[in-house]
Amino acid sequence: MQLTVLQGTEQKTVTCVPGDTVLQTLVKHGISLPAACGGNGLCGKCRFRRIHGTLKEPPGKDGWYLACRTHPLSDCVIEIPASGGAFAVLTETGAQTGDLSQAADRDFGIAVDIGTTTIAMALTGRQTGKIYRTYTAVNSQRQFGADVIARIDAANKGNLAKLQKSVREDIERGITQLTDNAPPVSGVAIAANTTMIHLLMGYDCSTLGVYPFTPFTTDSIHTDLWFEPQIPVWVLPSVSTFVGADILSGLYASDFEANGKNCLFIDLGTNGEMVLGNKDRAVCTSVAAGPAFEGGNITCGTGSIDGAICDVHMAMADGHLQIDCETIGHAPPCGICGTGVVAAVAELSRLRLLDETGLLDDTLQDGVLLCRTPDGEPITLYQKDIREIQLAKSAVRAGIETLIRAYGITLSQIDCVLLAGGFGHTLSVDSAVQIRMFPAALAHKIRPVGNSALEGAIKALARPDAQTVMEKIKSVCSEITLSNDPAFQDLFMEYIYF
Amino acid sequence: MNEINKEISEFLQKGRAKNVKELVTKALEENVDPKEILNDGLLSGMMIIGQKFKNNEVFVPEVLVAARAMNAGLSILEPYLIKAGNEPVGKAVIGTVKGDMHDIGKNLVVIMLKGAGFEVTDLGVDVDPDTFIDKAEEIGADVICMSALLTTTMPAMKMTIDRLKERNLRDKYIVMIGGAPVTDQYAKEIGADFYTEDAASAAEAAKAAVLNKR
Chain A
1083 MQLTVLQGTE QKTVTCVPGD TVLQTLVKHG ISLPAACGGN GLCGKCRFRR
1133 IHGTLKEPPG KDGWYLACRT HPLSDCVIEI PASGGAFAVL TETGAQTGDL
1183 SQAADRDFGI AVDIGTTTIA MALTGRQTGK IYRTYTAVNS QRQFGADVIA
1233 RIDAANKGNL AKLQKSVRED IERGITQLTD NAPPVSGVAI AANTTMIHLL
1283 MGYDCSTLGV YPFTPFTTDS IHTDLWFEPQ IPVWVLPSVS TFVGADILSG
1333 LYASDFEANG KNCLFIDLGT NGEMVLGNKD RAVCTSVAAG PAFEGGNITC
1383 GTGSIDGAIC DVHMAMADGH LQIDCETIGH APPCGICGTG VVAAVAELSR
1433 LRLLDETGLL DDTLQDGVLL CRTPDGEPIT LYQKDIREIQ LAKSAVRAGI
1483 ETLIRAYGIT LSQIDCVLLA GGFGHTLSVD SAVQIRMFPA ALAHKIRPVG
1533 NSALEGAIKA LARPDAQTVM EKIKSVCSEI TLSNDPAFQD LFMEYIYF
Chain B
97 MNEINKEISE FLQKGRAKNV KELVTKALEE NVDPKEILND GLLSGMMIIG
147 QKFKNNEVFV PEVLVAARAM NAGLSILEPY LIKAGNEPVG KAVIGTVKGD
197 MHDIGKNLVV IMLKGAGFEV TDLGVDVDPD TFIDKAEEIG ADVICMSALL
247 TTTMPAMKMT IDRLKERNLR DKYIVMIGGA PVTDQYAKEI GADFYTEDAA
297 SAAEAAKAAV LNKR
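The listed protein sequences derive, respectively, from chains A and B. Taking the working numbering as reference, the numbering of the first sequence is continuous, increasing by one, and the terminal residue is 1580. Taking the working numbering as reference, the numbering of the second sequence is continuous, increasing by one, and the terminal residue is 310.
Hints are computed from structural coordinates only; laboratory data are not their basis. A hint or two may mislead.
[What the hints assert, rightly or not] DSS-like cross-link-like pairs, simulated, lysine-lysine; straight-line CA separation at most 30 Å:
no.: 1; chain 1: A; residue 1: Lys1138; chain 2: B; residue 2: Lys254
no.: 2; chain 1: B; residue 1: Lys179; chain 2: B; residue 2: Lys148
no.: 3; chain 1: A; residue 1: Lys1239; chain 2: B; residue 2: Lys284
no.: 4; chain 1: B; residue 1: Lys284; chain 2: A; residue 2: Lys1244
no.: 5; chain 1: B; residue 1: Lys179; chain 2: B; residue 2: Lys254
no.: 6; chain 1: B; residue 1: Lys179; chain 2: A; residue 2: Lys1239
no.: 7; chain 1: B; residue 1: Lys150; chain 2: B; residue 2: Lys179
[Unchecked claim] A few chain A residues facing chain B, derived, Cβ under 7 Å:
no.: 8; residue: Val1558
no.: 9; residue: Cys1559
no.: 10; residue: Glu1561
no.: 11; residue: Ser1565
no.: 12; residue: Asn1566
Just so it is clear, CB atoms sit at the ideal spot from N, CA and C, and this is done for glycine as well.
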């Protein structure tokens, strides 16, 4: 069967295997729709309209179909929202960039950061540590689910080989593009979370998704590039199932090993991984933040793409609420991303339009209309969305507080706070403090560090002592498990409030 | 409705465990029927909180402190309910399945089941399939309730049901499942009797199912 997809002014026709859902078909052909819940029919994000053709399931009351729940029965033409499912991929790092034609390097390498959602790669010089080219892509494993638990589940149900093939093809495409018309590369360094490493290597995932969440290995892996066996690949070491090589790589990029100062490193995404310590001793943990920071489970939520509301200012004038929204790239508004939701909630809280339990003011019971899309569709923040942010921010704060207690220092003894990742890169610190996600006393110490996982992989290719140093960082990190820690649960309840 | 029960309900909704305890004691001294205290005081308050939670008016912490207050009231009331010859509606065994350590939702179901008149045995978290069954056999349970918060631990629900079948005990028990990733469809797939969305509905469904089976 043929499935023709209209998106804005673009049109693409792909083959649909009978029995596959529309979402499965789109993902297989690289057309991405947001599916925060991993195709379980829960988030309502993967919606499309039918132009013609027969579909097995009926549409929802609003006339939209859900791609994850709908099976084509004949050739179909469908339309998906123009702002569809693009993902922003952060390649900004602390590393310098340079012009390949003037490179002073003798050797070159490929640094890779495999994220659950996206993949970032760089062609880098192994003497200077400069970035000459970057490449980004959506992780094709998304067809097997949005989060790591869904991927582990898929692997355990017999799809491990497919998941491995999928990510290997993604990386192969990236390397082919990065090395086109470039000098040969002499090494590849890969940073990723522990699940992504298991899937890349084809390791058994059966103990990864159940308590006590035991990984197959957390050690450095030295292997050969599967399609160019003469090129060595180094998969960076991890701390545990929850604190992976991406975090260890980020610490390495931040010169954690050289620092006697106390540093708090936080990477915010679906999980919030955090490390507190210095070169001699560190504690780390991971909290489940849910997809809210990436715009998931938010009614009008979207990724950090052009047109996403990323900042919100509110003021009361003559008894009326005035709202100013800022969008990414100053493009026409299409939805709201994680930083926008945090900003909006912070403003509502500041103006006391949100009480301390997170309940919206009586006058706003139907939601807060932030602005409209060019088509006149409202972009509204609902009570339910605020609840999602409350769960996420409280998990982060409770995690930070637990680490501080376990490490045995006070807030004033923390010298710097490093925020890694895309969400942390654009997050307003003031908003985050207003909603009590971060302690106010840390506000002036917070610094975004960009894609530090990629930066660590770049540094790993450029420094001969990289392995020794990373192993040292790994050896000083001890993990704290939060599940069923009563103190963590009490903190979590406390910080749900504003 | 008795004035004191109304007060119990209101304090419970505010999560004031101490006040709830005091008022339940006072009501018993004033010879208010224990069953009335349960239904019109504790349960009525918990139902209101449950409804407000569904409407997003209150959030997880409010539900949890209300549940703690309910538990405090129940601990005083339970001996009197038994003394009054109040037979439990039924017996339930409950736990979070093997490999899963989440228990906030499961604990709420425990409290709502107690409120609905069940004698509840809570097996905690990371519960083995055979542990569910052995305990159910031991206490003569009517209902087995399983909770899972991860898609990777959901298969353990099926394992318990399969073990029940292997041990020729499947028809003896009402099997109920719940948890964030669990759906009605999944309950059908694995042959569970009921899935419910929240703690209050779980207690109602359990009660209806037990009464129906008799």
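Output the numbers, in ascending order, of every earlier hint that fails for this structure. 2, 5, 6, 7, 8, 9 and 10
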